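Respectively, the protein sequence lines represent chains A and B.
Under the working numbering, residue 795 is the last one in the first sequence; the count climbs by one each step, no gaps.
Under the working numbering, residue 795 is the last one in the second sequence; the count climbs by one each step, no gaps.
Treat the hints with caution; some may be incorrect.
One copy or any two copies: either way a pair holds, since identical chains are not told apart in the list.
[Said to hold, decoys possible] Restricting the straight-line Cα-Cα distance to at most 25 Å, the calculated cross-link-like pairs of lysine to any residue (SDA-like) are:
#1 K752 to G767
#2 K503 to T576
#3 K745 to L459
#4 K503 to G461
#5 K752 to P552
#6 K520 to S756
#7 K446 to A641
#8 K462 to F772
#9 K520 to Y748
#10 K661 to V452
#11 K764 to E494
#12 K650 to Y748
#13 K520 to S686
#14 K520 to R779
#15 K450 to L431
#16 K661 to L431
#17 K764 to R433
#18 K456 to M660
#19 K752 to E494
#20 K462 to D768
#21 K520 to T506
#22 K462 to G711
#23 K590 to L431
#24 K650 to E765
#25 K464 to D440
#26 K792 to S492
#27 K590 to R433
#28 K462 to K661
These are computed hints drawn from the structure, not numbers from a lab.
A quick note: this is a predicted structure, and the numbers were derived from the prediction, not measured.
The primary structure of each chain is shown beneath.
There are 2 protein chains.
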Amino acid sequence: MEFRCELVRTVDDSYDIEIGRKLESKLVSDLKNGLLGKRKRLAVITDSNVKELYAGSITAMLTEAGFSAEMFVIPAGEKSKTREMKEFLEDSMLEKGFRRDCAVVAVGGGVVTDLAGFTAGTFGRGVPFVNYATTLLAAADASVGGKTAVDTPLATNLIGMFNQPKKVYIDIECWKTLPKRELSSGLAETVKHACLGDEEMFSYLEEHIAEILENKAEPCEYIAEKNCGIKYSVVMKDERESGLREILNLGHTVGRAIETCSDYRLLHGEAVSIGLVAQARLGQELGFISKENVGRLERLLQNAGLPIRVPGYIQIPELLKKLYTDKKVRDSRLRFVFQKEIGDVMQFSENNYGRPVSESEIAAVLEKIAE
Amino acid sequence: MEFRCELVRTVDDSYDIEIGRKLESKLVSDLKNGLLGKRKRLAVITDSNVKELYAGSITAMLTEAGFSAEMFVIPAGEKSKTREMKEFLEDSMLEKGFRRDCAVVAVGGGVVTDLAGFTAGTFGRGVPFVNYATTLLAAADASVGGKTAVDTPLATNLIGMFNQPKKVYIDIECWKTLPKRELSSGLAETVKHACLGDEEMFSYLEEHIAEILENKAEPCEYIAEKNCGIKYSVVMKDERESGLREILNLGHTVGRAIETCSDYRLLHGEAVSIGLVAQARLGQELGFISKENVGRLERLLQNAGLPIRVPGYIQIPELLKKLYTDKKVRDSRLRFVFQKEIGDVMQFSENNYGRPVSESEIAAVLEKIAE
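In isolation and in its complexed conformation, chain A is listed as follows (with noise of 0.2 Å):
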């Protein structure tokens, strides 16, 4: 006997991403204009760092603005985007009486942001979010995509969701107060969609890293619409990630391992630095960027203070190991995104822009940019 259970549905996931200086009013006046409904509990959430920066002032004004409104803070640092630290969220948003009624405000990085999306995502089943990145690597990578994860010793970013954020804040203001080395960690994302989609922002990059790291109004607001509009555009062809949207992950297959291998001495932006290195370096090796380029991307990434090497510390057989953690592995086969000189990608097949790479490939190359 059958019994057919039809489940088909139209889902708006549609939202905003709002660019500027000094948002906190913004979010406020959202809220209170019914962005997440009739919501009044919110459980904001933050990292050690921010807290003191934006999290208390934010969390102030909500609370004079009428809402309920209470803070949860997670240690600092890559290390926070963990099981047990969602976990933590939960349990401390239970105890505060916090229900599925309930609405979560990220306001931090991109760790904030991803584990902040995850708890909401399933906490009573799921309850609305919005995204409030103080950093450019949020900006660049939290803002666009729905894509929201946690460590685990075994593997980065494999146990997750795509959930989508009601609104994102994307306040330029807050990169004043980010150290020099995460800005530029931040940084390497912008690159890389430069080097996946963008020719002109490249060069524009070339020309104004300088400004960029001295926070210059212009060029700020420039890399902050460029990066959504090139990832918006890859994750609006693709939203589940089978074909087209693997582009996002250039430089990440190496980069990701390296980030783990470090033990997270090395920030996300700087191993995603070195693994862009590894895959133009194999990439000219196959013909698909002239080494002309490859200096290009190498200068470039210098200049905006990121490492282009693998750290001495890190062995490479250990680091090819933890290469088949990575998420596009098929077949146990490691496979890469490659960009196609720069502003493109190499596509090998129908939606298909992922190459089977040997491990003595990206091998000899790893030694090579071994310091």
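Starting from the known structure of chain A, fit chain B onto it as the hints suggest.
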């Protein structure tokens, strides 16, 4: 500066429920015929009881059929529905090399299907899964609706997600190997469905309850299909539980709390049975149901082998406190769903089937039905 992300899409989560006896080979042939696309790597998730009875042979059949299938076993029992057990499954799967190109086959009762569905939903940000339901409870509870979740020390079913299976198999033959107590437990959800949506089904149950307990073919298939039908009609009208879907919570405010307070000495259905009596008794006082119909309900539950009194080892004050972890709580006030005589529910305002209940109202009822 504003950037708009337009994300409107049509989602088709339709699937079939197959009701019958000995459906193992149907499962295997469906998978061979591409039910889950080209996915070859299958995680068979089961528990320590079902492993020996069905999951082991299903895994062997899948391997035989050319799949790369591995079995992951959780301890049998409600206590396994935790975040820790989800982590255990994730880590075991990652260790065995499972990645986002895998799929999950849940073989077992409600605990297994809830946990496996949730695990599949966040593994690699979501891989497909099928449910092979071996218990009446799973047939009644886990086949329609897409609800998956785990329990935490502070709340049951509050961490989870909506995740639809690709297909559900309800194998009535498996009910034969259920301990009598488990079968009775499953009948509580069946009685609940009759109470809230089908008076004829209620009468049928009054007449055939003994045959069902003996696993007679016709009445078992009847209730399996009725369960799906009633739940489907409710869920279809309200997939995200904003209003109507709450009626499926009939008996669950008290039920869930009793289940937790008993530290799982009571099975889910046993606790729900007492919860059904509690809402009926309170409903009688409020004029929603006649004394006679309350009597019919209590007799039917008893004949199904279910408890209708709060066990003596449960402290009422503790139970009252636990009620507030219910997900229907709004603005810190208890809300109950009530049946309207037999076969219907009370509607209190537009799209609202929950009535605020004061702590003293429900306390008085619980005192009366305490052992």
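### Query
Which hint numbers doesn't this structure obey?
3, 4, 10, 11, 12, 17, 18, 20, 22, 26
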